[in-house]
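Chains as they are written, first to last, in the working numbering: chain A, 1 to 163; chain B, 1 to 115.
Bear in mind the hints are in silico, worked out from the structure with no lab data behind them. This one's a predicted model, so the numbers in the text were calculated from it and none came from an experiment. Idealized CB from N, CA, C, for every residue including glycine. Hints may be right or wrong, so weigh each one.
Said to hold, decoys possible - Across the chosen pairs, the derived CB separations fall in these ranges:
hint, chain 1, residue 1, chain 2, residue 2, range
1, A, R68, B, G25, 38 to 44 Å
2, B, E85, A, P6, 34 to 40 Å
3, B, I33, A, T20, 31 to 37 Å
4, A, A58, B, T94, 48 to 54 Å
5, B, L40, A, I117, 51 to 57 Å
6, B, G25, A, Q23, 24 to 30 Å
7, B, A29, A, A58, 58 to 64 Å
8, B, T50, A, L57, 44 to 50 Å
As the list claims (entries may be wrong) - Below, a list of computed lysine to aspartate or glutamate pairs in the DMTMM-like style, where the Cα atoms sit at most 20 Å apart:
hint, chain 1, residue 1, chain 2, residue 2
9, B, K97, A, D4
10, B, K58, B, E96
11, A, K64, A, E119
12, B, K43, B, E113
13, B, K43, B, E96
14, B, K97, A, E119
15, B, K84, B, D108
16, B, K84, B, D57
17, B, K43, A, E119
Claimed, not checked - Covered stretches of chain B (in silico footprint by chain A; criterion: 3 or more residues with CB under 8 Å from a CB of chain A, positions within the stretch not fixed):
hint, segment
18, 44 to 51
19, 64 to 76
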Amino acid sequence: MTEDAPAIFQALEASNFAATIRQSVWLYPFANVGHIVALVCFAGAIAVMDLRLIGALAATAPAKVIGRARRVVIVALCALAATGFLLFSAEASHVIMNPVFLTKMSLVAAGIVNVTIYEFGAKRAVMALPPGAAMPQVARVAGFVSLGIWIVVAGLGRTIAYF
Amino acid sequence: MKRNLAIVAALAALAGPAVAHHGWGSYDAAKPITVAGPILTSKYENPHVTLTVQATDKVWTVTLAPTSRMVNRGALVQLVAVGKEISAYGYPSTVEKDEIRAERITVDGKTVEMR
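Chain A on its own, in the form it takes in the complex (with noise of 0.2 Å):
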């Protein structure tokens, strides 16, 4: 426990639904086997979307690919958030205060915040494109984005724990 955190996350540390995570001999390991495994599948399918945005895969329908690669994308991130929950709260006071932890939140929001963009700005245009057509300036922009903001939040998350 480390008293330089805010009061809500040594909370969360101190409390018996961490406990139970830290002390259960097959949970944390469940949580850190599961973030990986949602990990890989949210990468795949992420980057499916990204490259069609970008203009790769340029034979198929964007509607079909990117409708399709979007449910795994949801479900995975889903299941990032859940098992990411279950590793912070057994250290929660000393995870919040580590800086790389902090970098990866940061872009995690800003890939949200992306992927906003582009459902209200442009996910309609691109919907609507027959295969082989040429993909709007926004969406190229929101994919190559997208790609870059993932792959270094992938790196970061498995930094956190050098330091």
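Model the placement of chain B on the given structure of chain A, informed by the hints.
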């Protein structure tokens, strides 16, 4: 095709640092020390079992292995209970004050590797 290759190369380059071993990066392996004395507190919890040990100079926090590995190696909760005399060989943290990550511990004449 050229662009696809560039993307794959960028992904591979970023994946590189992730191969390093977990958890030992913030400990100074060039300055191993041995902390010996009675165990003051013992938390047999994930992600790592953590003790505080009253050494002659000060109280050290001694970070051990995850609980599942402790169990596999025979270092059960009774072995690292409060009051036991322990000798822990390990590396001081470069981040936390007065903390070491133990490479191996000796309790009751039994030596257990932590890595």
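Results of checking the hints against the structure:
1. The hint said 38 to 44 Å for the Cβ distance between R68/A and G25/B, and at roughly 39 Å that hint holds.
2. The hinted range of 34 to 40 Å is satisfied by E85/B and P6/A, whose Cβ atoms lie roughly 38 Å apart.
3. Taken as a hint, the range 31 to 37 Å holds for the pair I33/B and T20/A, whose Cβ atoms sit roughly 34 Å apart.
4. Checked against the hint of 48 to 54 Å, the pair A58/A and T94/B passes, with Cβ atoms roughly 50 Å apart.
5. For L40/B and I117/A, the Cβ-Cβ distance of about 54 Å falls inside the hinted range of 51 to 57 Å, so the restraint holds.
6. A beta carbon spacing of about 26 Å between G25/B and Q23/A agrees with the range 24 to 30 Å that was offered as a hint.
7. Roughly 51 Å separates the CB atoms of A29/B and A58/A, a value that falls outside the hinted 58 to 64 Å.
8. With their beta carbons about 49 Å apart, T50/B and L57/A fall inside the hinted range of 44 to 50 Å.
9. At roughly 14 Å between alpha-carbon atoms, K97/B and D4/A fall within 20 Å of each other, so this suggested pair holds.
10. With a C-alpha separation of about 15 Å, the suggested pair K58/B and E96/B falls inside the 20 Å cut-off, and the hint holds.
11. Of the pairs offered as hints, the one joining K64/A and E119/A holds, with about 16 Å between alpha carbons and a cut-off of 20 Å not exceeded.
12. This hinted pair checks out: K43/B and E113/B have alpha carbons roughly 18 Å apart, not beyond 20 Å.
13. This hinted pair checks out: K43/B and E96/B have alpha carbons roughly 17 Å apart, not beyond 20 Å.
14. This hinted pair does not check out: K97/B and E119/A have alpha carbons roughly 47 Å apart, beyond 20 Å.
15. Restraint check for K84/B and D108/B: satisfied, since their Cα atoms lie roughly 8 Å apart, inside the 20 Å limit.
16. For the hint pairing K84/B with D57/B, the CA-to-CA distance comes to about 18 Å; that is within 20 Å, so the pair holds.
17. Our distance criterion of 20 Å between C-alpha atoms is broken by K43/B and E119/A, whose separation comes to about 47 Å.
18. A count of 4 residues in the segment 44 to 51 of chain B with a Cβ less than 8 Å from any Cβ of chain A is obtained; the coverage claim is therefore met, three being the minimum.
19. For the segment 64 to 76 of chain B, the stated coverage by chain A holds: 4 residues have a C-beta nearer than 8 Å to a C-beta of that chain, and at least 3 were required.
In summary, the numbered hints that this structure violates are 7, 14, 17.
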